[in-house]
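Protein chains in written order, with my numbering: chain Y, 0 to 205; chain W, -6 to 327; chain A, 17 to 613.
Hint data in this document are derived by calculation from the structure and do not stem from the laboratory.
Predicted, not measured: the structure shown is a model, and the values here were computed from it.
Hints may be right or wrong, so weigh each one.
Covered by chain A, according to a simulated footprint, are these stretches of chain Y (three or more residues, beta-carbon under 8 angstroms) [stated by the list, open to error]:
no., stretch
1, 42 to 55
2, 193 to 199
Some chain A residues close to chain Y (C-beta under 8 angstroms, calculated; not the full set) [claimed, not checked]:
no., residue
3, Asp113
4, Phe281
5, Leu298
Interface residues of chain Y toward chain A, partial, derived using beta-carbon atoms under 8 angstroms [claimed, not checked]:
no., residue
6, Phe99
7, Gln101
8, Glu135
Each residue gets a CB set at the ideal place from its N, CA and C atoms; glycine is no exception.
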Amino acid sequence: MPAEVSSASASSGVRMQQHPSERAKLTNSQLGMLVAIASFTMLFGTMLLSYLLIRARQNVWPPIGVEPLDKQITTLSTIVLLGSSIFVHHAIKALRNSNFAQFKKYWSIGTWSGLVFLAMQSVFVMQMWQQGLRVESGIFASISYTLVVFHALHVIVAWGWMLAVHLKSLAGAYKTPTVQNPVLASWMWHFLDVVWVLTCVLLVWY
Amino acid sequence: MMQMKTARRNTMKTKLIQFAIVLGMAFSLGMLAPGSGAQSALQTVVRTAIPEAHAQTEETYHQLDTTDGAQTHAVGKEANPNEYFWNRYAPPHSISTYGHRIDWLFKYTSWAAFVFFMIMVIALGYFIIKYRERPGHKAYYTHGKSTKSEKWAPKFLDLAVFVSLDLVLMGSSYLHTRDIMWNYPQGEDVVKVQIMPQQWAWNFRYAGKDGIFNTPDDITTINELRIPKGTPVLAQIKSKDVIHGFMAPNVRSQIDAIPGLITKFWFDATETGDFEIACYHLCGTAHYKMKAFMTVMEESDYEEWFVESSEWAQAAYDAEDPSVKWGWNWSINN
Amino acid sequence: MSDNNQDQTTEVKAYNKLYSNHDDHLHPEPTSIWTKYIFSFDHKVIAKQFLVYGLCWGFLGALMSVMIRWCLAQPGVPFPIIGQFLFPHTGGVIPPDWYSSLFTMHGTIMIFFALTPLIIGFLGNYAIPLMIGARDMLFPWLNMASFWVFFASGLIMLYSIFVPMGPSSVGWTSYPTLAHSQWTPGPGHSLWLVALFLAGVSSLMGAINYISTIIRLRAPGMRWRDLPLTLWGIFLTSILNALFLPVLAAGLLLLLIDREFGTTFFLAASISEAGTQGDPILYQHLFWIFGHPEVYIVILPAWGLVSDLLSFFARKPAFGYRATAISMSAISVLSALVYGHHMFTTGLSPLLTAAFTTLTLLISIPSGIFFLNWLGTLWRGSIRFTNPMLFSLGMVFTFGLGGLTGLHLAAVSTNIMLHNTYFVVGHFHLTMAASSLLASYAAVYFYFPKMYGRMMNKRLGQAHFWLSFVPIVYIFVTMMIVGYAGMHRRTYNPYEYNYLQHLLALNQYIGVAVAIAFFAQFIFVFNYWRSRHHGVKCGSNPWEIGTLEWTIPSPAPYYNFKEIPVVHNGPHELSNPKTPGRLFIPQDEYVEGVSHS
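Required output: the full structure, derived from the provided sequences and hints.
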């Protein structure tokens, strides 16, 4: 950084000298993440709304000859994902209190239960396939496969992020309570959790 | 920091440039003015400058005309170069009972918009000339200093636009939807037609003498819609493949034809003659020549044609051919 | 809290790092050609990359429009010079299937690959940090990534032109069921969908950056009401982008899997197997929920910019700054609620039709307010006819004209008659293409001195303006005339119809005007290229205005501001009577009786 560049002088008496207790609620990266999540909300919201519009017009659902989606496995996977989110939430709380050991532990549980969720989703999709439901089998299949797989793809990417945070935490990279990366990853994870709950309720139970 | 800067002297050169600018603007507007000499002047220039191209174009677009074998119908309104500009380029004359309402609204909107447009142009032109930078002339600083009338002038003008234009359009739209769009003709004396466009032709179906669709006596035509004068026509439209658009310019109404969904519209023709039907919604490679003809006949002629065609259709009906059963159940709730 | 100054400074430093931080957004000075010009984090370089890329695509889109107009003016005649090479099998005549691809790609390219990078990529990236007194965007890496994702999407779009069965040919709106593989086979349209999806991702990344930067990196003392209106426009655009691009993404994605994987989201029951029951109209809803905000996305920065430029070159504050900002915000909110006016002919319910008509007409109220504020800015000003001012005035004219013609299309009765005719084409080109393009040019002429330390040639700029503006107005007004006469759009040879044959003359005149406007753009390209090294040198503030970017040297150093400024004034402190003799007051200069703090 060139020598002549400096920050605003201390005599300016404005924002930069604010006491941390008066600070904004969101850090910079959290603000960016919030905008991103708003975008993803619109994306999944559009998908779900489109599904609802199609579904609400049908008198018979699933259509005749099609088996309804498995309620058991989806309920189980929802519980697993919710559980994973709870652990992640507690991990972040621990992080904020500088309890790094607990953070590592809870984050690890959260990450691996996330993998269990993905595994259960794969079983679910395989079940659909084994029941004879193919992607091109009509609107019911279109919607079911699309919603589940689309969500799962996002979970895979988010899980990759979770795993990266997990590995970094094991390597001891997180030393201060204000690190941003885990917090952002957790937000994405919670968001996808909420999306899944909605999807599950609307797709499997409606 | 530069605080003092001598303004450009208002030399002859500057004056000339400003004059040229105003002239340019006036010329541009003049090009658009109704029946102005500028339009025909340009026409002459184009024809003189590129006579070859013009002749070639005349010839080549006839080469492209692929409707060989089809009967030539007298359609629409031909352009008469001696005619008043806005009549020459008006839409084909309206033969429907409600076309004049739409035409009136368009003209009203255009005139009102033109008035506001001229206000804008005059204001722009006046401000540009009167408030151009020159020595001794200072800008008027408005921060927090605007007088009440200054603040309210734009709001008042905006309100004027809203009342004179928007409200009229809103009211007119509401009336149009109530009295025309969803005011489907009821009763016995209505000609019911099912229209199924496909890539790239128009199929029309009439219920035949029995009044029920999809029966052996249904009259089906391709690219030919025959209707009686003075009787409302109610059409249900569904596409066979992709989205098409039914447009009969003389009727001033359009409707999309969507696969899997039935849309409907109605009109009432007041003149006999042959009129063109176009597809206005992009539907593939031959979209540009997907045309049909609407023939409006006298009542008696239509009756004659109808009965004769219905009987012929009944006789020629082939129960084995699935493609003749493209019609659908006509129900009021469609 | 410690009284120890040292601790406080550390605490404050840590706070700044997370919550605002002007310093850490300074990356070390780039040295190699790769980090300086290609993979640069510097928002100014990224802005130039968007500018060049956008202009290249704009050229391609304009060439396509010339070809389209050629077909309409000279049907059956081979396209000159390059026709023989492009279409050897027809002797150079543009065939109907390629015509469909031409208007499809023209629309797509101009909106997503020309206007968006110019008015959002270039203007947003260049202006935001400079106007708010920051050293760079809040997320410089994201900024760079957004350009390269965009670059990649352009490559895919370019590639789609050369695939078997040709590029996309279903219109830029890409309605099913024509867009399904059953009726439009081949990879062209699928690649189109992928390219657009990626372009959307790039814009989304940009939107995140712009929103966060404007919220967080404003210099101390810069309140929201001290923001130049350009930034209001860009801020609102970014919000619309962030919220509605995902809706497009969903629509495109569903159409893509309909094409590639056999799903039936937009296929209706009667033409596929029983139980399919998708809905083609669903796509139209999804598309236009994005599509209508999109046109506002493309014009909002232009509105903001012109509001500022009119003020700067009329040497007085923008008239009704607050009303303009509020109007632009109101329009942004309303923009998503009016989308149904694109669908009046699809058999929407009476309630929906009435609602959309009413809302569309309501949107003219805020539009009128800020438009009239533009006139109010000019009124009693002291107008300097610089090149940016010329283009701004042109934009005022084209937008006023185009906006008024929107009224014909807002009312459902006239809309039904004008739907899919050239009237619509004329209207949206005037409001979107002409206005946004003129504003983009204004932005380039305006920021050129800051980018290169030299001015663009004034005479060439004037020539460029007149040779673009007059033909452009002529072209689109004439289009509205032929549209009213019944000429529908996307038609390869309208003279098949007898009722349209007399329109050949007008179409020919449009062709002449298109040729003039097309070649006039080369004046601009020449001017830009030459002025970079041979333009008249200028100082830090050739326009004599007060916004923060003009307080630093020209060309702007890579770190922008040596010291982060503290803002005391609004952006339009021009000809203030409290400071007679001073043409302007910079935003970071404290003047007793004028400054707010």
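**OP:** Determine which of the earlier numbered hints do not hold for this structure and return their numbers in increasing order.
**Re:** 2, 3, 6 and 7
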